[in-house]
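Hints given; two lone chains; assemble the complex.
Listed in order, the protein sequences are those of chains A and B. Going by this note's numbering, the first sequence wraps up at 347, each residue one higher than the last. Going by this note's numbering, the second sequence wraps up at 1110, each residue one higher than the last.
It cannot be assumed that every hint is accurate.
Unchecked claim - When the alpha-carbon atoms are kept at most 27 Å apart in a straight line, the in silico DSS-like pairs for lysine-lysine are as follows: (1) Lys267/A - Lys1045/B; (2) Lys226/A - Lys1045/B; (3) Lys226/A - Lys168/A; (4) Lys168/A - Lys1045/B; (5) Lys168/A - Lys267/A.
By construction, these hints were calculated from the structure, which means they are not laboratory data.
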Amino acid sequence: MSAINFHPSLQHRSHPLASPVAQRHLLAELPLARSFEDAVASTGHAPLRSQTPTVLQMNVGKRCNQVCRHCHVDAGPDRREVMTPEVIAACLRLLATGAIGVVDITGGAPELHPQFREIVREARALGCHVIDRCNLTITQLPDYQDLPEFLAEHEVEVVASLPAYSLKQTEAQRGNGVFDASITALRQLNALGYGQPESGLVLNLVTNPVGAFLPPNQRSLEATWKREMMRRHGIVFNHLYTITNMPISRFLEFLLESGNLEAYMEKLVNAFNPAAIAGLMCRYTLSVGWDGRLYDCDFNQMLEMALPQTIFEVTLADLGDRPIQVAAHCFGCTAGAGSSCGGATAA
Amino acid sequence: MDTYYQPQDLARFAEVGEDAPALWQAFMGWYGPVFAEGALTEREKALIALAVAHAVQCPYCIDAYTTTCLEKGADLEQMTEAIHVAAAIRGGATLVHGVQMRNTAQQISM
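Next comes chain B alone, as it looks inside the complex (with noise of 0.2 Å):
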């Protein structure tokens, strides 16, 4: 079945810097110490990326920062947990945009 996304594809995510080698070699300087241990422990920030790929919508983000979470110590309930954090903010965000529709009908109400 066709489909956009393949999982095999996780492993080949390097080849998106074969035609642009330095911008690819910046992007994964960056990246690398973003996710060392620092004000922030790399478990939290394991479980930040999880939060973050779902908010996303990234299945290879999302496969990759699971199997990273639990490597990094964090159990289900604190992955569950970190979900929820994610899905608040996507909720709460798309609420509080409620604001803009309540001025907007107010503006054009009688």
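Pulled out of the complex, with its shape left as it was, chain A reads as follows (with noise of 0.2 Å):
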């Protein structure tokens, strides 16, 4: 399949909101109640401030196959950066310490890095688990078609992103073509273990809303989508993780072209929920963006709020206790039932 749809990155279109810079500040004019930081001090946890990390996300570059509307990455096929080998390195030479133990490897595709798999067979044989963020459809490439093999082969942790069970729902956020490829990989998936009981090919389920709307509750919905997943497709999985939409790069367009901005952040600033800062992924992650440079998240390093050190000098004892750098995206985060790369946060 080719799915290049809707309109290039933020980048290619030079739009404005192509810059870190603009978005930051287009954040923190809006008419917020109240701050990020004088939420998170009312619950008393201010300042906010990490743990040790235990997950390395390694955003591997902005390369993508698609174009989704709203990718906070701003990814696409026109996007050219990509990790550097020397970043790489760096990269293992941390893990090889053997304090953290989980690999989250993002981008973009990421699976489109041309040292993809070298970075995930030497994450595994330094015992590292390794999680690879795929969009699905990646897999039905000319190039790719072995990926699903050589992801089981290494046993590799499959975080697939899919918005809704139908294909209208899907294909608003994700394009034209992009359901039937993504139903195609699950069940090439499916066929070599993956989400299967005892097999421990571990597959799980990323959906985000299809709009300015907060997630569903998560344990509900997953019961939901389990029985439509298998009923509609035969499809089987093990976890549904539900994401807030973050309000930066292309959502971010899309919640301003479509006057549904301030409506938004009002919404999250109102959900704001303390029982899920504990469980806040910038707490423990590391994320690396494709030059070395370093963030608290992966939202944080597209908006380039990076910490003061890089890949190349890092230490673990410079990361525990850090202060974590927050702005108004952050409500994305806590609203509600809270949000992270492993779904919510809260109960």
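This is the structure in structure tokens:
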């Protein structure tokens, strides 16, 4: 399939929101009832500080075969940023210390990176649990059809994004042709044992709301999804993660152009849930960008809110109990049941 | 343009309790549990509310429960079917009153 859909990336269109500075400025100017710092302070957690990281999230680049409307990375086929071999080597050196047990590989479509398989092999050899954030359709491209077998061979956890179990909603967010290719990919993964009981091959699905509203209750929705994915498509999977759309990059563009920005931000602020603070992913994740800069999370990475150190000089001693950089977009991770790369964070 | 319905009034709903706080609290104390998970899921209750909102033609309720349905994980296919249920009941209710019409007509006809 060729899944180039909708318009090109913000960067390709020279859109003002392609600039992280412009995004930060726009969000900072919104008339919110309170700042994220004040909201956190009201819970007694201020200033927000990290624990020693247990997850290294490697964003290996912005190249993607899809151009999803909600993409916080502004990824697409027209993006050229890819993680350099030097950064990959530095990440592997950090992993070799044995202190970080989970490697979460994301992008763009991370599998498009020429060293993707090398990263997986090396990280597995170091004893790490490896997660591949897969858009599913990548497995249908000519050069990537053996990818499911590779992932299964190396026992990589697949976290696959699919907005809905129906075609219409999925393609509203991800583009024409994405749904059928995604279902085909999921069936291939199932055939290899992914999502099957006792196989040890974990297949988790991620759903984002298709619009300016909060995600449903994860536990309730997972039961519905499991029933419907089996009934409609004969597909099984382990867990469903619900993730709140973050008001940055292309979702920010959608909010702005559809006239939903202020109402959406008001919704996030009003839905602030103190119980979501403890599970915030920024507290245990180290996010590394394609160029070696470090961040508290992938969202801060896209807004270029970097840590002082880079992957080349950082030590674990630098990372524990560090202040986390926050701004208005952080309300996306604390609204309702909370949101992280692993789904809801609060009951 | 003046209109009886103002979308921004939905957010002012609580104002109707200002001069009857005990009654408002009683209403809200009941309203919340009505929509909590029980024998029916929150999603099913939201779909029922959406259908009823159309039956009683409350634009505020339609706005509120369209959003709620989406946030509870319902999709447009389910929401549209729920509205058809409301429409079928309204249509059926009109038609079944046709028996009353027929009874009356028979009573006064030769």
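Right, here's what the structure says about each hint:
{"no.": "1", "hint": "Lys267/A - Lys1045/B", "result": "holds, 21 Å"}
{"no.": "2", "hint": "Lys226/A - Lys1045/B", "result": "holds, 20 Å"}
{"no.": "3", "hint": "Lys226/A - Lys168/A", "result": "holds, 19 Å"}
{"no.": "4", "hint": "Lys168/A - Lys1045/B", "result": "holds, 24 Å"}
{"no.": "5", "hint": "Lys168/A - Lys267/A", "result": "holds, 25 Å"}
Every hint from the earlier list agrees with this structure, and none is contradicted.
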